[in-house]
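> Below are the chains, spelled out letter by letter.
There are 2 protein chains.
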Amino acid sequence: MMVAELKQQVLMQKASSTRTMKRISNSFHGTSVGFVPTMGYLHEGHMSLVKQSLSTCDHTVVSIFVNPIQFGANEDLDVYPHDLEGDIEKLESAGVDVLFQPHRETIYPKGFKTYVQVDEITDQLCGTSRPGLFKGVATVVLKLFNIVRPQHVFFGEKDWQQLAVIETMVRDLNLDISVHRVPLVREPDGLAMSSRNLNLSAEDRQKALSLSRSLEDAKEKIRQGTTAASQLKQSMKDRITAESGMQIDYISICDPISLQEIEEVKGRTLIALAVKIGSSRLIDNCIVKD
Amino acid sequence: MMVAELKQQVLMQKASSTRTMKRISNSFHGTSVGFVPTMGYLHEGHMSLVKQSLSTCDHTVVSIFVNPIQFGANEDLDVYPHDLEGDIEKLESAGVDVLFQPHRETIYPKGFKTYVQVDEITDQLCGTSRPGLFKGVATVVLKLFNIVRPQHVFFGEKDWQQLAVIETMVRDLNLDISVHRVPLVREPDGLAMSSRNLNLSAEDRQKALSLSRSLEDAKEKIRQGTTAASQLKQSMKDRITAESGMQIDYISICDPISLQEIEEVKGRTLIALAVKIGSSRLIDNCIVKD
Numbered sequence: 001m002m003v004a005e006l007k008q009q010v011l012m013q014k015a016s017s018t019r020t021m022k023r024i025s026n027s028f029h030g031t032s033v034g035f036v037p038t039m040g041y042l043h044e045g046h047m048s049l050v051k052q053s054l055s056t057c058d059h060t061v062v063s064i065f066v067n068p069i070q071f072g073a074n075e076d077l078d079v080y081p082h083d084l085e086g087d088i089e090k091l092e093s094a095g096v097d098v099l100f101q102p103h104r105e106t107i108y109p110k111g112f113k114t115y116v117q118v119d120e121i122t123d124q125l126c127g128t129s130r131p132g133l134f135k136g137v138a139t140v141v142l143k144l145f146n147i148v149r150p151q152h153v154f155f156g157e158k159d160w161q162q163l164a165v166i167e168t169m170v171r172d173l174n175l176d177i178s179v180h181r182v183p184l185v186r187e188p189d190g191l192a193m194s195s196r197n198l199n200l201s202a203e204d205r206q207k208a209l210s211l212s213r214s215l216e217d218a219k220e221k222i223r224q225g226t227t228a229a230s231q232l233k234q235s236m237k238d239r240i241t242a243e244s245g246m247q248i249d250y251i252s253i254c255d256p257i258s259l260q261e262i263e264e265v266k267g268r269t270l271i272a273l274a275v276k277i278g279s280s281r282l283i284d285n286c287i288v289k290d
Numbered sequence: 001m002m003v004a005e006l007k008q009q010v011l012m013q014k015a016s017s018t019r020t021m022k023r024i025s026n027s028f029h030g031t032s033v034g035f036v037p038t039m040g041y042l043h044e045g046h047m048s049l050v051k052q053s054l055s056t057c058d059h060t061v062v063s064i065f066v067n068p069i070q071f072g073a074n075e076d077l078d079v080y081p082h083d084l085e086g087d088i089e090k091l092e093s094a095g096v097d098v099l100f101q102p103h104r105e106t107i108y109p110k111g112f113k114t115y116v117q118v119d120e121i122t123d124q125l126c127g128t129s130r131p132g133l134f135k136g137v138a139t140v141v142l143k144l145f146n147i148v149r150p151q152h153v154f155f156g157e158k159d160w161q162q163l164a165v166i167e168t169m170v171r172d173l174n175l176d177i178s179v180h181r182v183p184l185v186r187e188p189d190g191l192a193m194s195s196r197n198l199n200l201s202a203e204d205r206q207k208a209l210s211l212s213r214s215l216e217d218a219k220e221k222i223r224q225g226t227t228a229a230s231q232l233k234q235s236m237k238d239r240i241t242a243e244s245g246m247q248i249d250y251i252s253i254c255d256p257i258s259l260q261e262i263e264e265v266k267g268r269t270l271i272a273l274a275v276k277i278g279s280s281r282l283i284d285n286c287i288v289k290d
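So the protein sequences, as listed, match chains A and B.
So the first sequence is numbered by my numbering: it starts at 1 and just counts up by one.
So the second sequence is numbered by my numbering: it starts at 1 and just counts up by one.
Keep in mind that the hints were calculated from the coordinates and are not lab data.
Check each hint, because a few of them may be wrong.
Where chain B lies over chain A, by a calculated footprint (3+ residues, C-beta under 8 Å) [unchecked claim]: (1) 112–126; (2) 143–155; (3) 225–234.
All values derive from a computational prediction rather than experimental measurement.
Glycine residues also receive a C-beta, built at the ideal position from the N, C-alpha and C atoms.
Could you build all of it, start to finish, from the sequences and the hints given here?
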């Protein structure tokens with residue numbers, strides 16, 4: 001067991017340049033390559049993506065890159081949490097083959113000016129309050145795909161809208177990549193796992209439970225026969241703002257594919273929300289009538 | 001010789017679906033693939049790209065696709081000339097391996113919503129009067145690259161700005177593709193070859209010579225010591241508008257890389273222009289002080 005662990009640790013390759021990463025990817029030719037792009041500060045949610053890649057593919061590449069162009073001017077780019085040593089330990093123990101950890105200038109060299117824009121599904125939900133978010137996400141993800149050249153990529157349903165954007169981009173740009181959706185992972189008390197949870201005070205951490213609980217309430221109401229989205233949204237809002245200092249960014253009840261708001265919950269429906277607690281902005285979602 | 005020609009003709013494969021094209025591309029794995037994207041109605045300019053690909057690569061793929069999203073509402077999409085039989089004959093005789101000729105719905109299926117935008121270098125020259133042009137070009141070219149998967153691509157310097165956009169996109173999106181620049185090809189009398197020349201009346205065809213002649217004049221003036229861009233532009237304008245019915249879209253004297261306008265011709269400089277003659281819009285360019 002010790003020997004096996006040691007072997008895995010020795011074998012994780014690290015690349016910070018695109019040239020090294022491409023050289024490693026080329027050496028994987030003929031095998032299946034899985035890829036998990038992350039912004040680091042890895043938690044069990046990330047690791048569930050990694051595990052799914054490890055069990056699906058011959059080789060697994062994980063990237064850690066805090067993508068500056070998806071952060072707005074007043075967002076938390078500078079305080080985004082990081083723990084590279086801890087991340088490396090987790091990835092090595094899991095048996096990841098390659099960590100790609102590029103510098104900012106490697107991904108966005110001087111004169112960079114090409115962007116990918118997915119229309120329509122980026123106008124709602126997080127796209128409303130974070131207008132450059134999905135342009136930044138689509139652009140960096142396409143670049144990472146082109147550098148790593150995976151056949152399989154793994155994204156969490158926690159970022160439901162991001163998944164919709166990636167799936168659309170992969171289809172529209174004719175990429176030969178299977179996008180795997182991995183369920184959201186929660187803390188034992190129900191809080192959706194997020195690297196941003198670290199920035200919560202103990203008190204705000206407690207208040208943050210109102211997000212998942214408001215989703216559970218809405219689910220229960222739907223089970224009991226409520227279908228009016230306005231009514232469901234109002235009771236979610238009441239539940240969340242019962243705590244002080246909660247600033248609701250959006251509560252959306254929408255089609256899980258088009259992300260268009262609906263008025264009556266009939267078939268499969270996404271309930272998603274974003275709430276600011278102090279300086280942190282948290283998101284959560286669930287599917288009802290699945 | 002007859003036998004060799006016959007063999008070439010038999011061997012040109014045709015694909016109209018992305019699946020067939022990708023299957024053929026996969027079968028080329030381990031060999032070098034060159035790609036020439038066109039809108040058809042092939043002339044010697046296109047064939048010079050094809051020839052360069054044939055002499056550079058193991059396999060050559062040519063696409064014919066009149067890309068609707070790069071045409072504005074009042075542009076010539078519906079009257080864009082075509083001659084598929086003639087094109088096939090030219091490509092087969094040249095020894096092209098594959099013709100990819102997708103339907104519009106193959107490239108832009110229902111629900112298509114992902115676009116590639118190259119900033120800055122698309123604001124000037126043709127980008128000014130044709131605002132969606134380069135977004136449409138970059139998007140379709142990236143899609144075609146992803147379907148055909150070439151290592152080498154060939155573009156003509158006639159569309160200088162398009163070449164700059166493609167080169168920037170390939171670099172920024174980390175594509176493993178060599179972009180080959182191929183010189184503009186002219187008719188014996190100097191007119192830059194273009195599929196759009198077909199739409200000119202005999203009289204307009206004659207007037208169209210003023211484009212290349214104004215470039216020659218400017219070159220000569222620069223040789224004789226003129227450096228002021230404003231002066232050069234004015235004499236080009238005078239030369240062109242000496243013909244009746246000529247509507248100048250732009251005359252640009254600019255840096256060949258950034259496409260930023262310059263005031264004094266010192267080093268390597270691009271002179272580019274677009275002129276409407278009747279319903280046709282023609283472009284031409286040359287490099288000075290190379």
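> If a hint holds in the structure, say so; if it doesn't, say that too.
Checked hints:
A stretch counts as covered by a chain when three or more of its residues have a beta carbon under 8 Å from one of that chain; for the stretch 112–126 of chain A and chain B the count is 10, and the coverage holds. For the stretch 143–155 of chain A, the stated coverage by chain B holds: 3 residues have a C-beta nearer than 8 Å to a C-beta of that chain, and at least 3 were required. Coverage of the stretch 225–234 of chain A by chain B is violated in this model, with 0 residues showing a Cβ closer than 8 Å to a Cβ of that chain against a need of three.
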